[in-house]
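Chains as they are written, first to last, in my numbering: chain A, 1 to 262; chain B, 1 to 393.
Mixed in with the good hints there might be a few duds.
Stated by the list, open to error - No farther apart than 27 Å at their CA atoms in a straight line, the calculated lysine-lysine pairs in the BS3-like style are these: (1) A:Lys117 <-> A:Lys249; (2) A:Lys101 <-> A:Lys117; (3) B:Lys32 <-> A:Lys195; (4) A:Lys62 <-> A:Lys117; (5) A:Lys188 <-> A:Lys144; (6) A:Lys184 <-> B:Lys32; (7) B:Lys225 <-> B:Lys79; (8) B:Lys32 <-> B:Lys222; (9) A:Lys91 <-> B:Lys32.
Note that these hints are calculated values from the structure, not bench results.
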Amino acid sequence: MGNSRRSFLKVAGITALGIGTKPVLDVFASSGGNGAEPKSEVSQNEESLTAKRWGMVIDTRKFHSAEDLDPIIEACHKIHNVPELTEPRHKIMWLWGDEYKHVFTHREHELINDRIKHLPFLVLCNHCEKPACVRACPTKATFKRDDGIVLMDFHRCIGCRFCMAACPYGSRSFNFRDPRPFIKEENKEFPTRMKGVVEKCNFCAERLAVGKMPACVEASNGAITVGDLDDSESEVRELLRTNYTIRRKPDLGAGPSVYYIV
Amino acid sequence: MLELALKGDKKYWGWVIALLAVIGVAFAVYLKQLDFGLGITGMSRDVSWGFYIAQFTFLVGVAAGGVMVVLPRYLHDYKAFGRITILGEFLAIAAVVMCLLFIIADLGQPMRAFNVILYPTPGSVLFWDMIVLNGYLLLNIVIGWNVLEAERNNIHYAKWVKPLIITSIIWAPAIHTVTAFLYCGLPGRGFWMTAILAPRFLASAFAAGPALLILLCLIIRKVTKFDPGKEQIQSLAKIVTYAIIINVFFLLCEVFVVFYSRIPSHMSHMQYLFAGLHGHGALVPWMWTSMTLMATSIVLLVIPAARKNESILAFTCVILFIGTWIDKGMGMISGGFVPNPLHHVTEYMPTLPEILITLGVYATGLLILTILFKVAVGVKEEVGGLKDSCESC
Chain A
1 MGNSRRSFLK VAGITALGIG TKPVLDVFAS SGGNGAEPKS EVSQNEESLT AKRWGMVIDT
61 RKFHSAEDLD PIIEACHKIH NVPELTEPRH KIMWLWGDEY KHVFTHREHE LINDRIKHLP
121 FLVLCNHCEK PACVRACPTK ATFKRDDGIV LMDFHRCIGC RFCMAACPYG SRSFNFRDPR
181 PFIKEENKEF PTRMKGVVEK CNFCAERLAV GKMPACVEAS NGAITVGDLD DSESEVRELL
241 RTNYTIRRKP DLGAGPSVYY IV
Chain B
1 MLELALKGDK KYWGWVIALL AVIGVAFAVY LKQLDFGLGI TGMSRDVSWG FYIAQFTFLV
61 GVAAGGVMVV LPRYLHDYKA FGRITILGEF LAIAAVVMCL LFIIADLGQP MRAFNVILYP
121 TPGSVLFWDM IVLNGYLLLN IVIGWNVLEA ERNNIHYAKW VKPLIITSII WAPAIHTVTA
181 FLYCGLPGRG FWMTAILAPR FLASAFAAGP ALLILLCLII RKVTKFDPGK EQIQSLAKIV
241 TYAIIINVFF LLCEVFVVFY SRIPSHMSHM QYLFAGLHGH GALVPWMWTS MTLMATSIVL
301 LVIPAARKNE SILAFTCVIL FIGTWIDKGM GMISGGFVPN PLHHVTEYMP TLPEILITLG
361 VYATGLLILT ILFKVAVGVK EEVGGLKDSC ESC
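The shape of chain B in the complex, shown without the other chains (with noise of 0.2 Å):
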């Protein structure tokens, strides 16, 4: 089926040229940062880890919310997601590329990261986030190839798929639990110190996951002869809708107990990042542009009408993606680690050659993205999915 990809109009190897030129320059500074150490990002004794591992995390939650399609299909048999179940199965393999990758670009001696296989370490939350990241990367590959190589072939796909998709849909929300698990449980770190983290993490990953599936959608739409279709696009809104509502519902509640009780190694970092403290506060305008732009999505998308047209539903999806990134991509890492466990307060910000990396990664996904999804289209169109009987799907 990979041939697929190789076919296309100048605009598609246009954007696939475009895509390998940043991975280019983002190499060469990859480069770089392996001849020099880690010193040439932002990261320092306090904020050990940085934009990196914040990305990482966030992609983890798109990944996870590719299950959003997968789930209402085969456990609802809700039969109209048949035509887009294989983009969130795409996007899982993506994101969780990325997530591999931006894991090797944190490592100080990625030479040795194998160390992790051959002492394997079950004490260790990260040894558990290796085996469930690759097994959901696995998982994904194997299901999205052959259901739609079946249904290129016009049959069903073959039976001992069904175990598998299954398993892929507990693993969906396995591999956020795991990343959450990373952070949660290690002590004197009051921020992450939260039983909810998990499942905020999930929240969060149920709106930007679907949120970001949408845009793909109405992007194919009108760059392909595919429609993944209106009805598709407004279940995928009402879960969005419910996801984020969820997701800043928990932030309220954690900052209810953080606020109430007053205890400063709880509070602190709160405070940091959406007041400032001593002095220092980096992350403020960023916070409060989250919050805003979370809750002005929940309010356009609470309203049936504006939810139901597309180009306010397009708006509302890019603003909640950006309000998700932001929380999580830039506030939920380095806000742990400042104040640091001697209330010292040290910022952090990313540096140039440390967005340069972040980017490359960023376009390598979109470049495994592009490939996948045109071959999946490329299918579609193939089968006549532009009508919308669609009855093997």
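So that you can see chain A by itself, here it is in the shape it has in the complex (with noise of 0.2 Å):
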């Protein structure tokens, strides 16, 4: 009976460590090769809008004040269920509106015109070409896709804001609490989120899938503009081509895929 539950005991154990290595050899066995890493085919919606490498352009331009943000930022946290908590420690913000000198801190200077000086600028994930978060997240919960958006598996996040200390653009919130009482309006279309784990802008990549443009450019009256950055006939490629525009602290190299025409 002692002999038979020691070598129970022992193929359990053997296993669990089986277990707990395989994935970590599995790795090191694909990180150095460039062999072929096995990739689950996935279908995709015919409808649905796709880029080699996403981007944004922001026409500064276009707005004026404070107000001329509010619907952009509520249509987007509105579909995505961002909670509206009360606590400013505690805050999510997937877009917001900042001044000049906040967000494009490497270009303030006192003597810039009034209208840049007082005008909100939008700001969210930059999606990076190369995202200093997803180099830290020890879970690989974000993670950027082929395409260039930058996601969250909130289901594999462990919450150690290792990302939130990479980002150089502030643009991640945690759920300090649970934020589901703090939903005005629930989308059932999209999930909610539980405490202790990180949230940002997901580019609608799930509008993007079913053939809708982002929230945010739709509530933008024409002020944002996405599309494929790699192609030179894509309206954004226009935009870029015939406007100067600006990234925020490009000097990082982190590539952020937001361009603001000012």
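Fit the two chains together into the complex; they arrive one by one in their own frames, and the hints show the way.
Structure below.
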């Protein structure tokens, strides 16, 4: 009896060790070689909007005050079940407005013209080419898709907030408490989050997948345009070609995909 | 050997029960945090790491500091430290356990912690931190236990332990280097973005760790029959002296680079900590206290007469420990988050529940330390380490 119990424990122990180490070994085995990584086939919705590299151009000339941004922010937060927390420390923000000197910290100067000085600029996740958050995440709960969109897996996130420390744009929020009681009107089409996980703008990946433009684009009256940065014929490329645009903290080399016409 | 921890006088059990009481209260508060979320802490969207991560950072240093008795003993064959290497190793065990507990306390979803192993991400420094911390814990448990058991049986420790000891000596700086890499590789956090962060961490670790060890040696001498030794304490004091001077030197190097270059994204954090920024300066008195304590400790350590006087030395170690604790346990982490990447100032102060949970983790560490030291001292008393001749060690 004692003997079989011991051998059972042995087998159980080895099995547990195997389960624990297999994924680790897999990673080391696959990270070095350029061999084919197993990719699952996912069939795509035919109506879905696709791009090689998604990007956004915000024409700030079309905004005049904070009121102009409100409907856009509301549209985003409403469809994504972003809670409205009263405690400022616990705020969740996917899209918000801030002053030039805070948004473009490396470009501010005292003598900048009045329009720019007082104009609120839209701020959101930059869906960087080389996202620092993705690099920092210890569980791949945040990851970059092939089309450039940086996403979150709310079910995998352990809430270590390494991504928040890594993001140089302050684009991430953490659920310091259960957000659900603070959602005014729940959108059943999009998941709510639980306490203890990080969240941020997802470039409306769920809308692009069914052929809809991001909510902010729809609500912006043409001030926000998204499209394929890799396609020279795209609308965003046309805007970039014909306007002077700036990005936030380009000197950090993260390669933000959100451009601002000022 | 663990049975040695079960025999103790009233004072011993009183201490153990007191620690258990603190742990009990803290655990109840932790259950509350688990239920409500990290919102019961003072952390915010802007200062997203607080007291827990700062304590973790400081204690990694204390753990690494233990190597300062192991290294001279095994690499330089400095025999005197043979009497106290076990204390360094056991201190490291208690410190690393506290580190791991602080990480768990800081997770938003602690029940998912295993995801770090299920979805290993070698690109993330946190993955490596998990490996080095657990590895260091395991090394010290195996080494400490085996060497102590051999000492008890009056035999030489097994041959296979030696390579592990050498590994642990290299491993100790590694745990604090990796911990520094958690911070110093992050773009857009000017306060931490300095190549000297890891060396700075190590210098403060090699000051704070051995300073704590000196205090523990003095306590052991007072409450047990085992005397860790005058020479041992003095050698540790010299190590502490060099380390704290190097620590302050590194800090001054930072101050020069930051304020001479005048790059705002680097300078603003230092301004916030030492002078206040846009009217916010909650940490200013703390930081100057820290600087004063560290400077005073240097003076008292450098003067030979003061260093050799064990009463003054004990005082020096206390203020040095507090000084380095404020520097790392309060300023280092929140200082990096204020101002935030958009140059807004959101201040951070730990809340009462946060402090209680922190105290609970410290009490857990102290409990482990008490038990381990009780075992170690019990063995020392058994084999007659009361006299100064200790040949097997």
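* To do: Output the numbers, in ascending order, of every earlier hint that fails for this structure.
  => 8
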